[in-house]
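Engineer: Given the coordinates of chain A, assemble chain B onto it according to the supplied hints.
Residue-level listing of the chains:
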Amino acid sequence: MAAENVLVTSLSVVIIVLVATSVICLYRVIFGPTISDRIVGLNTISTKVTVILVLLAVVYKRDMLLDVAIAFAMLNITSSLVVSKYLEGGFYD
Amino acid sequence: MIEYFLFLAGCTVMVLGAVGVIRFPDVYTRLHASTKCDTGGSISILLGVAISIGLTMTSVKVLSILFLIFLLNPVASHALARASHKYGVKPCKMTVVDMYD
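Respectively, the protein sequence lines represent chains A and B.
Just so you know, we're using this note's numbering here: the first sequence kicks off at 1 and counts up by one.
Just so you know, we're using this note's numbering here: the second sequence kicks off at 1001 and counts up by one.
Since the hints were derived computationally from the structure, they do not count as laboratory data.
Watch out, some of these pointers could steer you wrong.
Pairs of lysine to any residue residues, derived as SDA-like cross-links and limited to a Cα-Cα distance of at most 20 Å, are as follows [stated by the list, open to error]:
hint, chain 1, residue 1, chain 2, residue 2
1, B, K1086, A, S79
2, A, K85, B, Y1087
3, B, K1086, B, H1032
4, B, K1061, B, L1072
5, B, K1086, B, D1026
6, B, K1036, A, V49
7, A, K61, A, V13
8, A, K61, A, T9
9, A, K61, B, L1055
10, B, K1093, B, P1025
11, B, K1086, A, T34
12, B, K1036, A, D37
13, B, K1036, B, H1078
14, B, K1061, A, L75
15, A, K61, B, K1061
16, B, K1086, A, V82
17, A, K85, B, Y1028
18, B, K1090, A, P33
19, B, K1036, B, G1020
20, B, K1036, B, P1074
21, B, K1061, A, V68
22, B, K1061, A, A71
23, B, K1090, A, Y86
24, B, K1086, B, M1099
25, B, K1061, A, I52
26, B, K1036, A, T78
27, B, K1093, A, P33
28, A, K85, B, A1079
29, A, K85, A, R38
30, A, K61, A, F72
31, B, K1086, B, Y1028
Part of the chain A face toward chain B, derived, beta carbon under 10 Å [stated by the list, open to error]:
hint, residue
32, S10
33, I35
34, T47
35, L53
36, A57
37, D67
38, A73
39, S79
Don't be surprised by glycine CBs; every beta carbon is placed ideally from N, CA and C.
Same shape as in the complex, but just chain A:
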């Protein structure tokens, strides 16, 4: 039981660190000079949120959150690719 408790405490510390770094990256989303800077910040935050969802699924023992994390990872990649294709302009052959 003690080992379980140590694991939950360390996972909570990791979640707190990830939320703090997400808030740091939010500066780049708000004050970024160009569009690309904002997308870089959003991509970073989305990857951190995926990891946070996995950790919450382990802490609260909800397996449903893992499926949400898989869908969120795919959505993150797709949104980055769509925005970069919009920035690039033109069409691929």
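Structural biologist: Quick look at chain B alone, frame taken from chain A:
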């Protein structure tokens, strides 16, 4: 015991990546910081989670998320760097050579 070291390494790398995203002068250097630190930190933390819960269905799902991040995050960063170069975002003044012109 090894999972706590993996958590510590992942948290350190994540904090360094966030500092790089704040402090670097340029889109490309920020991508350089964010991609590698984000992917490496995520892989380290998720590997620690998968080790700590043993071999179950949950850890298989965690490893599949790890594989997804490992495979797709560099693709998005590469596409974003290429698109921002074609969009006309200039590198910073300290850049020595830009061979993609």
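Engineer: Tell me, in ascending order, the numbers of any earlier hints that this structure violates.
Structural biologist: none
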